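Protein chains in written order, with my numbering: chain A, 2 to 279; chain B, 2 to 307.
For the record, the hints were derived by calculation from the structure and aren't laboratory data.
Since the model is a prediction, treat every value here as computed from it, not as a measurement.
Accuracy of the hints is not assured; some may be wrong.
As the list claims (entries may be wrong) - So, partial list: chain A residues that the calculated Cβ filter (under 8 Å) puts toward chain B:
| hint | residue |
| --- | --- |
| 1 | Arg20 |
| 2 | Arg22 |
| 3 | Ile26 |
| 4 | Ile27 |
| 5 | Phe84 |
| 6 | Ala109 |
| 7 | Thr111 |
| 8 | Leu112 |
| 9 | Met114 |
| 10 | Arg116 |
| 11 | Pro117 |
| 12 | Ile118 |
| 13 | Thr119 |
| 14 | Gly241 |
Said to hold, decoys possible - A partial selection of chain B residues facing chain A, derived with a Cβ cut-off under 8 Å:
| hint | residue |
| --- | --- |
| 15 | Arg101 |
| 16 | Ser103 |
| 17 | Leu105 |
| 18 | Asp108 |
| 19 | Gln146 |
| 20 | Leu193 |
Every residue, glycine too, gets a C-beta built ideally from N, C-alpha and C.
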Amino acid sequence: MSISLPTYSRLELPLLGRRERVRAIIATGLRREFRRPAAIVVTVLGAAFTTITSIVLLIFAQILIPGQAADLTFFALPASNGFVLFFVSLMAAVIGAGLIADDMQSMAFTLYMSRPITQTDYLLAKAAILAPLVAMVTILPLLLTALVAALLSRVSWAIAVEAMGISLVIGGLLTLFYTAVTLFLSSLTRRKGIAAAGVFAVNFGLTVPAGILATRIGNPAILYLSPWDDYVAVASAAFGATPSAIDWLAALAVLLGVTVLAAFVTYIRMRAVEVITG
Amino acid sequence: MVLVETAGLTKVFGDVRAVDDLTVQIPDGAIGLVGPNGAGKTTFLRLLLSLLQPTAGTAKVLGRDIGDGVPVRERIGYMPEHDCLVPDMTGVGLVSYMGRISGLDRDTAMSRSHDVLQFVGVEEERYRKIAEYSTGMKQKIKLAQSMVHDPQLYIFDEPTTGLDPRGRTEMLDLVRTIAKSPGRNVLLSSHLLPDVETICKYVVILDGGHQIAAGELSQLLTGATDRLRIDVRGDQAAFARLLKEAGFEADAGPTGLHVTRKPGLESAVFDTAKALGAEVRYMGKEIRSLEELFLELVARTEKRGA
């Protein structure tokens with residue numbers, strides 16, 4: 002094979018800033034996810050199932066839940082839709098688990114770190130790839146449900162807009178929680194299967210036993226161990242619905258605390274990563 | 002211009018001092034970093050890129066402290082030794098992506114990636130996924146991604162690893178072309194000494210994390226002292242012994258006798274040959290290959306250590 006040289010010339014352009022470099026990682030990361038059939042299926046199914054079940058709940062609320070008023074409290078139901086828990090776990094496992102683990106496994110992390118970006122840039126970009134996809138399950142269905150409720154005149158527009166605002170906040174909280182925890186798990190291993198198993202362990206390994214134990218021994222405080230129950234407690238309080246068995250403020254503190262801790266530990270861990278192998 | 006400047010640079014992994022108190026000034030141009038496996042070459046390169054944090058000491062690359070990180074890496078193109086490519090991306094996709102992470106806008110990154118892929122000889126294969134590439138193609142993609150943002154300094158870590166002879170020749174031709182281009186500097190790390198010898202003008206030789214020699218390759222190979230190499234057919238050891246008895250510094254080695262030049266050496270050599278009935282087949286100025294120099298330096302270091 003001959004070596005062709007003619008077009009390799011000196012580049013005189015100034016380089017763009019770090020924000021643009023991070024944006025490039027995010028855009029390419031999202032594009033790559035949307036080319037993966039597994040990621041597409043999980044995202045589409047997750048958004049569709051959670052939205053459809055929430056709208057079905059809305060339409061048949063008075064039949065399914067006798068006595069449910071058509072006011073802000075109604076939106077606590079779609080917020081605590083069990084499909085959200087299932088699909089957010091699936092998305093975090095299918096999409097998020099490999100975000101850092103795959104780069105460590107293929108040693109592409111060396112390539113990233115040999116570029117003019119920092120570990121923080123890399124981590125922020127990875128979070129920005131996962132968060133919007135998780136939000137398709139945690140925020141989008143709630144927004145659409147409120148919109149449909151207003152369009153069908155089930156609630157006033159004022160209530161619908163208020164519900165959308167609250168949905169953004171509590172959905173955002175859940176998105177941040179799963180993004181931080183998933184990236185933390187992904188940074189711990191080179192094998193995304195292990196990180197994915199960790200996501201399921203955090204969700205179902207805590208939620209199901211916590212629920213069973215809390216009922217058996219009659220101590221609801223155990224539910225604080227379950228991120229899903231913490232979230233439901235916060236969502237119920239935010240929409241003014243019947244309070245759950247645990248205090249929403251303490252539940253909020255648990256969710257925020259774990260989110261911040263997971264993000265901080267991941268940050269420290271990534272900063273400490275030294276590219277040694279190879 | 003000084004390309005790399007270190008002072009007491011040290012990196013310790015547990016009990017192992019991978020780079021040990023390295024103080025070196027490397028000029029611009031094509032620089033070879035040589036040493037056996039485990040000499041600390043890759044660790045040294047990764048320290049320069051801030052991929053590793055030094056345990057002690059300082060280093061500057063292109064006049065900037067390595068602690069600055071981002072501005073230093075903007076001016077460096079790094080080709081790692083190991084496989085590090087994203088398998089589910091296409092060749093052109095990865096190179097362009099790396100260009101964008103280096104700060105090129107989308108259009109420039111794409112057009113540059115086509116340029117550099119053409120330069121390295123990856124033609125229509127550029128649209129295939131990297132997972133389907135051969136080792137040679139992957140090496141070329143690694144080279145292309147290091148070039149895409151047109152850095153001032155190229156760091157190539159064992160670029161010919163795993164290549165067949167044809168691939169190796171192609172890769173060395175590419176590295177040589179880059180090294181000859183104005184305004185570009187190459188730091189080539191290799192344990193394959195002929196690779197370095199054909200490309201670099203200046204070498205730094207490492208062993209056990211220490212610098213054991215550094216300088217212009219031509220000077221290192223001819224040696225600071227004026228020495229002759231003599232090929233003798235006969236008892237070489239006895240030949241060296243007689244020369245020593247006659248007051249000359251002589252060493253017998255695998256590449257012949259190495260004798261420090263002094264007045265009367267030539268006649269002493271022929272007298273010795275006559276006395277031993279040996280045949281002098283060659284006598285000329287000592288020009289070692291890099292491999293010979295390297296073996297000699299390593300042996301000297303080992304002797305000192307012992």
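Exercise. Identify every previously stated hint that the structure contradicts and give their numbers, smallest first.
Key: Going through the list in order, the structure violates hints 1, 4, 5, 14, 18 and 20 and respects the others.
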